[in-house]
Amino acid sequence: MPELKTGARLKSSVCDGEIMVVATPGGDIDITCGGAPMLLPGDEAAAAEINPEHAVGIVIGKRYITADEALEVLCVKAGQGSLAVNGELLLQKDTKKLPKTD
Amino acid sequence: MNIMMLLEMTSGAFPDRVAFTDGSTGVSLTYAQLFEKARARGASVRNSKAQRLVKLDVSNLATPVSLFASAWAGVPYVPLNYRLTDAEIAALLERVTPAFLVTEPKRVPALGELNDVQCSTTSYFIDDDNHANVLDADWSMDPDEVAVLLFTSGTTGVPKAAVLRHKHLVSYILSSVEFACAEEDEAALVCVPPYHIAGIAAVLSSVYSGRHVVQLPNFSAEAWIELARQHKVSTAFVVPTMLARIVDALEGQESANMPHLKNLSYGGGKMPLSVIEKAMVLFPDTDFSNAYGLTETSSTIAVLGPEQHRIAQASSDEQLRRRLVSVGQALPGVEIEIRDEEGRVLGAGERGEIYVRGEQVSGEYEGRGSVTDAEGWFPTRDAGSMDEEGYLFLEGRADDVIVRGGENLSPGEIEDVLLAHPTVLDAAVVGVPDEQWGEGVAAAVVARKDKTIDVAELQAFVKEHLRSSRVPQLMEVWDELPYNETGKLLRRIVKARLAGDAVN
Numbered sequence: 486m487p488e489l490k491t492g493a494r495l496k497s498s499v500c501d502g503e504i505m506v507v508a509t510p511g512g513d514i515d516i517t518c519g520g521a522p523m524l525l526p527g528d529e530a531a532a533a534e535i536n537p538e539h540a541v542g543i544v545i546g547k548r549y550i551t552a553d554e555a556l557e558v559l560c561v562k563a564g565q566g567s568l569a570v571n572g573e574l575l576l577q578k579d580t581k582k583l584p585k586t587d
Numbered sequence: 014m015n016i017m018m019l020l021e022m023t024s025g026a027f028p029d030r031v032a033f034t035d036g037s038t039g040v041s042l043t044y045a046q047l048f049e050k051a052r053a054r055g056a057s058v059r060n061s062k063a064q065r066l067v068k069l070d071v072s073n074l075a076t077p078v079s080l081f082a083s084a085w086a087g088v089p090y091v092p093l094n095y096r097l098t099d100a101e102i103a104a105l106l107e108r109v110t111p112a113f114l115v116t117e118p119k120r121v122p123a124l125g126e127l128n129d130v131q132c133s134t135t136s137y138f139i140d141d142d143n144h145a146n147v148l149d150a151d152w153s154m155d156p157d158e159v160a161v162l163l164f165t166s167g168t169t170g171v172p173k174a175a176v177l178r179h180k181h182l183v184s185y186i187l188s189s190v191e192f193a194c195a196e197e198d199e200a201a202l203v204c205v206p207p208y209h210i211a212g213i214a215a216v217l218s219s220v221y222s223g224r225h226v227v228q229l230p231n232f233s234a235e236a237w238i239e240l241a242r243q244h245k246v247s248t249a250f251v252v253p254t255m256l257a258r259i260v261d262a263l264e265g266q267e268s269a270n271m272p273h274l275k276n277l278s279y280g281g282g283k284m285p286l287s288v289i290e291k292a293m294v295l296f297p298d299t300d301f302s303n304a305y306g307l308t309e310t311s312s313t314i315a316v317l318g319p320e321q322h323r324i325a326q327a328s329s330d331e332q333l334r335r336r337l338v339s340v341g342q343a344l345p346g347v348e349i350e351i352r353d354e355e356g357r358v359l360g361a362g363e364r365g366e367i368y369v370r371g372e373q374v375s376g377e378y379e380g381r382g383s384v385t386d387a388e389g390w391f392p393t394r395d396a397g398s399m400d401e402e403g404y405l406f407l408e409g410r411a412d413d414v415i416v417r418g419g420e421n422l423s424p425g426e427i428e429d430v431l432l433a434h435p436t437v438l439d440a441a442v443v444g445v446p447d448e449q450w451g452e453g454v455a456a457a458v459v460a461r462k463d464k465t466i467d468v469a470e471l472q473a474f475v476k477e478h479l480r481s482s483r484v485p486q487l488m489e490v491w492d493e494l495p496y497n498e499t500g501k502l503l504r505r506i507v508k509a510r511l512a513g514d515a516v517n
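So the sequences go chain by chain: A and B. Heads up, our numbering is the position in the first sequence plus 485, with the first residue counted as 1. Heads up, our numbering is the position in the second sequence plus 13, with the first residue counted as 1.
No lab work stands behind these hints, which were simulated from the structure alone. Watch out, some of these pointers could steer you wrong.
Simulated crosslink set (BS3-like; lysine-lysine; CA at most 30 Å straight-line) [claimed, not checked]: (1) A:Lys562 <-> A:Lys496; (2) B:Lys464 <-> B:Lys476; (3) B:Lys462 <-> B:Lys508; (4) B:Lys508 <-> A:Lys490; (5) A:Lys578 <-> B:Lys275; (6) B:Lys476 <-> B:Lys462; (7) B:Lys275 <-> A:Lys547; (8) A:Lys547 <-> A:Lys562; (9) A:Lys578 <-> A:Lys547.
Which chain A residues stay away from chain B? Per the calculated CB distances, all over 10 Å, these [unchecked claim]: (10) Cys500; (11) Gly511; (12) Gly512; (13) Asp513; (14) Ala521; (15) Pro522; (16) Ala531; (17) Ala532; (18) Ala533; (19) Glu534; (20) Asn536; (21) Ala540; (22) Ala555; (23) Val561; (24) Glu573; (25) Leu574.
If you're wondering where the values come from, they're calculated on a predicted model, not measured in any experiment. Ideal Cβ placement from N, Cα and C applies to all residues, glycine included.
The task is simple: from the sequences and hints, build the whole structure.
Right, here's the structure in full:
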């Protein structure tokens, strides 16, 4: 797994899901979707099935975080797989609604 | 990270939603059409080898197309002020070549001849027949690439180009807008100029919300009211001068009769209390928000929200009521401090310079680098104070720029013209409080020996050389101007004396 950079875009290897990295603690991070490693543009992966324990799905426009909030990603394309780091499922981040100003 | 990703998400989720309508022609684009137009023009820009996409025109459908085509092609978007003369534009264009220029037909003869400028009229640019190639979805995701260069007018009079990178704009949108939060029947009325940061922020926020934008290219209160009613507008942003005109135009009516207008936000200058109070009566169903932001901070950094407006208005406590003229509290992810001239952080209620820090803060100028300090704090050059609960009160510019109706005027530029007149020995230009414009232009002048200054003639002289907004509305002839011992003009004293005279 190469180092994850802020702004990087990753694709699921088992569903349509795509994410962008919003914040990262730095270093190598083993992020999976549907239980399978995620791909950087140009990466190829062997065909795999969604792990049924990682199959809640991700929703476009929602943000997902690790329990310590060090890693935050944005779902830019919905998918059937769930995100995880080191086998721990990511949590959906609640966003506070702000008054619209522009 | 790329602002194109914001459009890609919305266009993927709601391809057939109306994205933009040019209020002057009634012509619209859906989100899928906007995405495809950006794709084809991205290819044209990339093939042209231009390093910038410059747009010099009023708001129209080519405005969002240009912004996203630039991002797709990987070149900065540079919207220029269409009120500038050809000569002023040429001087700015020289700084952003090789450029792909999209402009009105009447500009083409003068600007199309410049070196390294490829000129295209707005209608040629928007016509699909002129863009045969398309790009893959291959825009750069490097967060440090430059998305927008915006010229701001500084005290020196020489415009600086603020650098906004994709990371600044995307951070701002992600922290302030929830994806797809707009309903299909909602519409935003955008009347701020496209070369202003509020114009850029309005495009990006609306796109990420999935909201329909109605563009009003040339503001008039009557046109604003008509478009707002015609499109059942739900959201709008105005500068204080615009709101004052809208309130005036509704004079004598009990209500604006716009129950669909859910949110009306304002910013860009000090809102007179009388105007906001009248507006709250005329728009009883509308939520008001006051936004404070700068070009260098990717737009809004503090907001006084609707609930805070109501609490302040209903309060009998003087301290709480005063918050109606504040700009509210910092947005999440944004920190604000007030510091004195030595950089020490000041306490509640103390007046100093406003400093800001956050992911959306750029604080960088083309060719000059970043002016943020080692800890990432950006000095705004705005003066202000904060109360115990972090409500921010603006108190003019820390430097001397006059903010008249949201337009930044440089005193130096006006002083130079005054000093060019044969009767004038010395001149100082300052801003004074003005009910209609927030700040008005005032001047103190000193006559040359054996000459007499005719104020009306001198005002006419300024008007011959500068745009009418720069003509001092108040001008006094003094025996001398106040200077300190090192020869520095004491602007504060000039300002206080002229401000006192402006009131009396």
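Exercise for the section: Run the C-beta distances from A:Ala521 to all of chain B and say if the shortest one exceeds 10 Å. Expected result: Answer for A:Ala521: holds, closest chain B Cβ roughly 22 Å.
Practice task
Verify that the Cβ of A:Asp513 lies farther than 10 Å from every Cβ atom of chain B, and report whether the claim holds or is violated.
Solution key: holds (19 Å)
Exercise for the section: Compute the least Cβ-Cβ separation between A:Ala540 and chain B, then decide whether it is above 10 Å. Expected result: Non-interface label stands for A:Ala540: nearest chain B Cβ at 22 Å, farther than 10 Å.
Practice task
Examine each Cβ of chain B, and state whether all of them lie more than 10 Å from the Cβ of A:Ala555.
Solution key: Nearest chain B Cβ is 15 Å from A:Ala555, so the label holds.
Exercise for the section: Mind verifying the non-interface call on A:Gly512? Its CB should be farther than 10 Å from each CB in chain B. Expected result: Fine: 18 Å to the nearest Cβ keeps A:Gly512 off the interface.
Exercise for the section: With a cut-off of 30 Å on the C-alpha distance, tell me whether A:Lys547 and A:Lys562 pass. Expected result: holds (10 Å)
Practice task
Take a quick look at whether B:Lys462 and B:Lys508 sit within 30 Å of each other, Cα to Cα.
Solution key: holds (25 Å)
Handout entry: Nearest-CB test (10 Å) between chain B and A:Gly511
Key = A:Gly511 is indeed farther than 10 Å from all Cβ atoms of chain B, at 14 Å.
Practice task
Test the statement that A:Leu574 is away from the interface with chain B: the closest C-beta pair must be farther apart than 10 Å.
Solution key: Non-interface label on A:Leu574 holds, nearest chain B Cβ at 21 Å vs cutoff 10 Å.
Practice task
Confirm or reject the statement that A:Glu534 sits farther than 10 Å, beta carbon to beta carbon, from all of chain B.
Solution key: The assertion about A:Glu534 holds, with a minimum of 25 Å to chain B.
Handout entry: 30 Å Cα cutoff - pair B:Lys508, A:Lys490
Key = violated (51 Å)
Handout entry: Separation of A:Ala533 from chain B, once the least beta-carbon distance is taken, above 10 Å
Key = holds (24 Å)
In the structure shown, a violation is registered for the earlier hints numbered 4 and 23, in ascending order.
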